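Sequence order for the protein chains is A and B. Per my numbering, the first sequence starts with residue 480, numbered consecutively. Per my numbering, the second sequence starts with residue 50, numbered consecutively.
Any given hint could be a false lead.
Restraint-style ranges between C-beta atoms, simulated for each label pair [as the list claims (entries may be wrong)]:
hint : chain 1 : residue 1 : chain 2 : residue 2 : range
1    : B       : Pro-97    : A       : Arg-881   : 32 to 42 Å
2    : A       : Thr-800   : B       : Asp-168   : 32 to 42 Å
3    : A       : Thr-738   : B       : Pro-97    : 40 to 50 Å
4    : B       : Gln-76    : A       : Ala-784   : 52 to 62 Å
5    : A       : Glu-771   : B       : Pro-97    : 50 to 60 Å
6    : B       : Asp-197   : A       : Phe-672   : 37 to 47 Å
Keep in mind the hints are simulated off the structure, nothing from the lab. Computed from a prediction, not measured in an experiment: that's the story for all the values here. Don't be surprised by glycine CBs; every beta carbon is placed ideally from N, CA and C.
For reference, the chains in residue letters:
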Amino acid sequence: MTVKVLTEGIGELNLRDIDVYTKRGGYEQWKRVATELKPADVIDLVSKSGLRGRGGAGFPTGRKWQFLPNNGHPRYMVCNCDEAEPGTFKDRMLLEETPHQIIEGMLIGSYAIGSHHAFIYIRGEFKRGHEIFTKALAEARAAGFVGQKLFGTDYGLEITVHRGAGAYICGEETALLNSLEGKRGEPRLKPPFPAVQGLYSEPTVVNNVETLAYLPYILKNGPEWFAKAGPEKSPGFKVVSVSGHVKRAGNFEVALGTTLRELLALAGGPRDGHRIVAVQPGGGSSACLFEEHLDLSYDFDTMAANKTMLGSGAIVYFDETTDFVKAAHALVRFYAHESCGQCSPCREGGHWLELTLERLLHGDGLQSDIDMMLAIARQLTGINLCPLGDSIEPFLASVIRRFESQFRAYVKKKAVAEKAVMA
Amino acid sequence: MSEQRDFQAVLAQVKPEADRLIAQYPQSRSALLPILHAFQNVEGWVSPEAIDAAARMLGLERSVVESTASFYTLFFRRPVGTYMLQVCRNMSCQLNGAEEIMSYLREKLNVGHFETTYDGRFSYEEVECLAACDRAPCMQVNLEFVYDLTREKIDEMLRAMYAGTFETKPLPQTAKPEHTWRVGQEPQRRSPGARGVVDPNDPGGMGDSSGMRMLERLVDDPLLIAARPTNERLVRDGAEIVRDR
Chain A
480 MTVKVLTEGI
490 GELNLRDIDV
500 YTKRGGYEQW
510 KRVATELKPA
520 DVIDLVSKSG
530 LRGRGGAGFP
540 TGRKWQFLPN
550 NGHPRYMVCN
560 CDEAEPGTFK
570 DRMLLEETPH
580 QIIEGMLIGS
590 YAIGSHHAFI
600 YIRGEFKRGH
610 EIFTKALAEA
620 RAAGFVGQKL
630 FGTDYGLEIT
640 VHRGAGAYIC
650 GEETALLNSL
660 EGKRGEPRLK
670 PPFPAVQGLY
680 SEPTVVNNVE
690 TLAYLPYILK
700 NGPEWFAKAG
710 PEKSPGFKVV
720 SVSGHVKRAG
730 NFEVALGTTL
740 RELLALAGGP
750 RDGHRIVAVQ
760 PGGGSSACLF
770 EEHLDLSYDF
780 DTMAANKTML
790 GSGAIVYFDE
800 TTDFVKAAHA
810 LVRFYAHESC
820 GQCSPCREGG
830 HWLELTLERL
840 LHGDGLQSDI
850 DMMLAIARQL
860 TGINLCPLGD
870 SIEPFLASVI
880 RRFESQFRAY
890 VKKKAVAEKA
900 VMA
Chain B
50 MSEQRDFQAV
60 LAQVKPEADR
70 LIAQYPQSRS
80 ALLPILHAFQ
90 NVEGWVSPEA
100 IDAAARMLGL
110 ERSVVESTAS
120 FYTLFFRRPV
130 GTYMLQVCRN
140 MSCQLNGAEE
150 IMSYLREKLN
160 VGHFETTYDG
170 RFSYEEVECL
180 AACDRAPCMQ
190 VNLEFVYDLT
200 REKIDEMLRA
210 MYAGTFETKP
220 LPQTAKPEHT
230 WRVGQEPQRR
240 SPGARGVVDP
250 NDPGGMGDSS
260 GMRMLERLVD
270 DPLLIAARPT
280 NERLVRDGAE
290 IVRDR
């Protein structure tokens, strides 16, 4: 059921070594692209494959590339490796295990959009990954895959490795660009979109690590190979990070359209004697699905139709032992902590929700708190500069609606304790 | 402590690296984060001198650098312990027992969130998802991962750290850490009012007038009126008393 495209050889071969990577056909597609294909051909092939962004928003990659204006300005390609969505750990694996795949993807992507300077923004916590990638890049440069006048053509590309310093919000593309410019990682007002005014106010494309890593394979096997896998509207393969209450958490590469139950089975199933009651299908920002949804197909559109999202492809399974008040608190605290503080609804709303949940957990909650939390969460959604504020509501609201009794039980704890004191 | 440090030596070490970093970018300001990382690698923290030096290298205002550095949690603007222990407190780790791990470490080291042990060896922080959910609960020690945490594993790790045999190198420490490396009033941000939002008459809530009453009492007391000549001062001191409670 699993496929091996990006994950092939991980755990068996030392793919960090450029010789091992080239022996398996690495950088061949880059050479073919640079010497035989025109940028427009590459964009065309990628559009035909139906590849959608693997970072969270799921925007068609080929279309994103076509938005760049033809104004003669320098263009930039930025690879987003600021993976910090709760539950996601695929980009870190790709970064640490197969850095050359990412470099090749960046080269192909940059060539397609006509960029001569690419950046990769690596999350500050990935110190090891940063070292591995820097070393791999030096190898690729020494081997003549990165630099000026590549393969005797006029095309040249510089790649700069940039390390962040611990801010989740920098995964949002405009915040990432600000951070890359040496500023506070605060999202910008859109429009103008990065495609028009991005890095240094020049046209910029920001692509996720996984999106770029798929490019060599799409070119090698043809767009039909990619488009054929999975449902028509969201085709292709995806590395899915599965964790939570499962026996064998890990990254699994599957064709989109695999069901949530099959993914659960891949991860070894629920712990012995337990059953899964809820699943969060797209990282911390997505709404929960429940046991009756386990047979849903895991792809962008089915998830969206069920009022949640595929997001970054991080699935967390919860079994019946989960305390959803604590779970909600963990995620709300995360967003309250990571809010950049620009927009009041997100900054204040997240903070107050965290305090309310804390009060509930300490047994000081009121009956009215539950409705109040739903109201706050609803009101802070959709009125922020970036999607961080909007990410608070989905999980909180979905678990409150489903497991309201757990939340009420925390309120009752207080009432019971008070009665005991009075008596 | 800071006046004893030889910052010129630090600067001499970082300068060539900084020049190389600046040359990588079309605009020099982009090198700000990497330069601050470089200073922290040498000193173990981002000192005021480092901020000053970075500002001069890039032709920025000091306040701009300070403001940017303060946005990012991985820049420590106060000295920290030689081992920075960062335990993940997010979802997948919590589902797999991170709470127990956190309370064990807190107890064992006698520290809390954002605190450094008194010997200056360990700093402890509870952080958000570290992207190692497949091997939860997890933590980072000086940004190197430690996976599948158990009590035994923590004991073993701490022993190795004391013995100096731990695989991850300790951070450089150029100044003695204080109890916390947070700048500002962050740990006290939970005002009593936070809990009184629903019932404004709870202590500290919007309708709580105890602070006002205290001010009134102060105003009524003839001795205090004599001791506090100006109105402005009275209000300020009154506010301080309320806050200190």
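Results of checking the hints against the structure:
1. B/Pro-97 <-> A/Arg-881: 32 to 42 Å: 51 Å, violated
2. A/Thr-800 <-> B/Asp-168: 32 to 42 Å: At 39 Å between Cβs, range holds.
3. A/Thr-738 <-> B/Pro-97: 40 to 50 Å: 56 Å, violated
4. B/Gln-76 <-> A/Ala-784: 52 to 62 Å: 44 Å, violated
5. A/Glu-771 <-> B/Pro-97: 50 to 60 Å: 58 Å, holds
6. B/Asp-197 <-> A/Phe-672: 37 to 47 Å: The hint (37 to 47 Å, Cβ to Cβ) holds, given that B/Asp-197 and A/Phe-672 are roughly 42 Å apart.
Hint check: violations occur at hints 1, 3, 4; the rest are consistent with the structure.
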